[in-house]
Amino acid sequence: MKHSWRMFELILSGIQICFGLLILFFVHFTCNQYYTFLWKNPLVDHQSIVQMALRKNVTLVIVSVIAISSAIFLIKNLSKGWVMSVTTWFMFTIILIINSYRLNQSNPNDLDLISIFILGIITVIFIAIILALINIEFRQKYNPTIKNWIVIAISIVVLTALKFL
Numbered sequence: 001m002k003h004s005w006r007m008f009e010l011i012l013s014g015i016q017i018c019f020g021l022l023i024l025f026f027v028h029f030t031c032n033q034y035y036t037f038l039w040k041n042p043l044v045d046h047q048s049i050v051q052m053a054l055r056k057n058v059t060l061v062i063v064s065v066i067a068i069s070s071a072i073f074l075i076k077n078l079s080k081g082w083v084m085s086v087t088t089w090f091m092f093t094i095i096l097i098i099n100s101y102r103l104n105q106s107n108p109n110d111l112d113l114i115s116i117f118i119l120g121i122i123t124v125i126f127i128a129i130i131l132a133l134i135n136i137e138f139r140q141k142y143n144p145t146i147k148n149w150i151v152i153a154i155s156i157v158v159l160t161a162l163k164f165l
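In our numbering, the protein residues as written are 1 to 165.
Source of the hints: derived by calculation from the structure; they are not laboratory data. Hints are not guaranteed to be accurate.
Simulated pairs of lysine-lysine, DSS-like, Cα-Cα distance not exceeding 25 Å [unchecked claim]: (1) K56 - K163; (2) K76 - K2; (3) K56 - K40; (4) K40 - K147; (5) K56 - K2; (6) K80 - K2; (7) K163 - K80; (8) K2 - K163; (9) K141 - K80; (10) K76 - K163.
Just the calculated beta-carbon pair ranges, DEER-fashion [unchecked claim]: (11) K2 - Q51: 46 to 54 Å; (12) W39 - Q140: 53 to 61 Å; (13) W149 - D110: 35 to 43 Å; (14) V58 - K80: 21 to 29 Å; (15) F117 - T145: 35 to 43 Å; (16) Y35 - W5: 20 to 28 Å.
Predicted model only: the values in this text are computed from it and were never measured. Just so you know, even glycine gets a beta-carbon here, dropped at the ideal spot from N, CA and C.
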């Protein structure tokens with residue numbers, strides 16, 4: 001593998017760790033908001049709000065843990081790191097599209113033309129990262145089997161289904 005692709009792996013690993021930690025921070029912030037809401041409104045059903053907070057954020061927590069662990073495995077040049085990294089970037093793209101769609105459906109005025117354009121650019125960048133990860137250099141280095149591709153597909157389907165819950 002060329003030196004530039006190894007640098008790409010290291011930079012991508014750093015980005016994945018940052019994204020994973022950032023997602024965990026925002027999930028923690030969101031859950032704290034739910035709990036603050038509970039303390040201010042004692043008449044609200046506590047169990048349903050906690051379940052809603054968990055249900056809305058479980059996919060994000062899983063994807064962030066996968067992102068951080070895949071980055072570590074990718075730094076160590078392990079094949080499972082590459083598989084998990086491809087899954088992570090697919091999920092980042094899917095989550096971005098789903099959340100943008102949901103935001104647009106709930107509050108159409110929140111996303112103006114510039115926001116939609118920026119989200120489109122970010123989506124294209126994520127897709128470019130996915131394409132870079134599945135190029136011939138990485139496939140030769142990690143030598144994926146049909147089992148690897150099945151694991152990627154199943155994990156994407158399961159995590160997407162969790163996102164829709």
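Do the hints match the structure? See the list:
1. K56 - K163: Holds, at roughly 7 Å.
2. K76 - K2: With a Cα-Cα distance of about 16 Å, the restraint between K76 and K2 holds, given a limit of 25 Å.
3. K56 - K40: It holds: about 21 Å lies between the C-alpha atoms, which stays within 25 Å.
4. K40 - K147: violated, 50 Å
5. K56 - K2: Violated, at roughly 41 Å.
6. K80 - K2: holds, 20 Å
7. K163 - K80: Status holds; Cα separation ~23 Å.
8. K2 - K163: violated, 37 Å
9. K141 - K80: holds, 12 Å
10. K76 - K163: Distance ~30 Å between K76 and K163 Cα, so the pair is violated.
11. K2 - Q51: 46 to 54 Å: Since K2 and Q51 have Cβ atoms about 49 Å apart, the given range 46 to 54 Å holds.
12. W39 - Q140: 53 to 61 Å: holds, 56 Å
13. W149 - D110: 35 to 43 Å: This hint holds: roughly 37 Å between Cβ atoms.
14. V58 - K80: 21 to 29 Å: holds, 22 Å
15. F117 - T145: 35 to 43 Å: holds, 40 Å
16. Y35 - W5: 20 to 28 Å: For W5 against Y35, whose Cβ atoms are near 45 Å apart, the range 20 to 28 Å is violated.
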